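Colleague: Sequence:
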Amino acid sequence: MDAVGIFDEFSQDSPEKILEFYDWMNLDIEPYRISLDRFKNLLLECTKKKSKIEKNGN
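The sequence shown maps to residues 311 to 368 in the numbering used here.
Calculated from the structure, these hints are not laboratory results.
Every value quoted in this text rests on a predicted model; they were computed, and no experiment measured them.
Built from N, CA and C at the ideal position, the CB exists for glycine as well.
Careful, some of the hints might be misleading.
[What the hints assert, rightly or not] Pair ranges (Cβ atoms, derived):
| hint | residue 1 | residue 2 | range |
| --- | --- | --- | --- |
| 1 | Leu329 | Glu364 | 32 to 40 Å |
| 2 | Lys327 | Glu364 | 31 to 39 Å |
| 3 | Asp312 | Trp334 | 15 to 23 Å |
| 4 | Asn366 | Leu337 | 28 to 36 Å |
| 5 | Asp333 | Lys365 | 36 to 44 Å |
| 6 | Ser324 | Lys365 | 24 to 32 Å |
| 7 | Asp318 | Asp347 | 28 to 36 Å |
| 8 | Asp323 | Lys365 | 39 to 47 Å |
[Unchecked claim] Below, a list of computed lysine-lysine pairs in the DSBU-like style, where the Cα atoms sit at most 30 Å apart:
| hint | residue 1 | residue 2 |
| --- | --- | --- |
| 9 | Lys362 | Lys350 |
| 10 | Lys360 | Lys350 |
| 11 | Lys327 | Lys350 |
| 12 | Lys365 | Lys350 |
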C-alpha cells in the first residue's frame, strides 16, 4: 500500500532495485494506491488488535 507515491517514484528512479527486491523476496508484489487516511486507519486497526491480543495473553 502506497499512500504517498513512494513506489511510483522509486520504480521510475531505480527499477532494477525493485526487480532485485521482488526476486529476493520471491513474492508477487503489486503496488496499490490508497489515501493517507485509509492507511492510517489500517495501522490503527492493527495496533488495536495487537494490544487486545497482548492484553488477553494470546
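Colleague: Look at each hint and say if it fits the structure.
Modeller: Do the hints match the structure? See the list:
1. Leu329 with Glu364: 32 to 40 Å: Once the Cβ atoms are compared, 38 Å apart, the range 32 to 40 Å for Glu364 and Leu329 holds.
2. Lys327 with Glu364: 31 to 39 Å: 36 Å Cβ-Cβ, so the 31 to 39 Å window holds.
3. Asp312 with Trp334: 15 to 23 Å: 19 Å, holds
4. Asn366 with Leu337: 28 to 36 Å: Holds - the Cβ-Cβ distance for Asn366 and Leu337, about 31 Å, lies within 28 to 36 Å.
5. Asp333 with Lys365: 36 to 44 Å: For Lys365 against Asp333, whose Cβ atoms are near 40 Å apart, the range 36 to 44 Å holds.
6. Ser324 with Lys365: 24 to 32 Å: Given about 42 Å between the Cβ atoms, the range is violated.
7. Asp318 with Asp347: 28 to 36 Å: Violated - the Cβ-Cβ distance for Asp318 and Asp347, about 19 Å, lies outside 28 to 36 Å.
8. Asp323 with Lys365: 39 to 47 Å: 43 Å, holds
9. Lys362 with Lys350: 18 Å, holds
10. Lys360 with Lys350: 15 Å, holds
11. Lys327 with Lys350: Between Lys327 and Lys350 the Cα gap is close to 27 Å, so the pair holds against 30 Å.
12. Lys365 with Lys350: Within the cut-off at roughly 22 Å; holds.
Hint violations for this structure: numbers 6, 7, all remaining hints satisfied.
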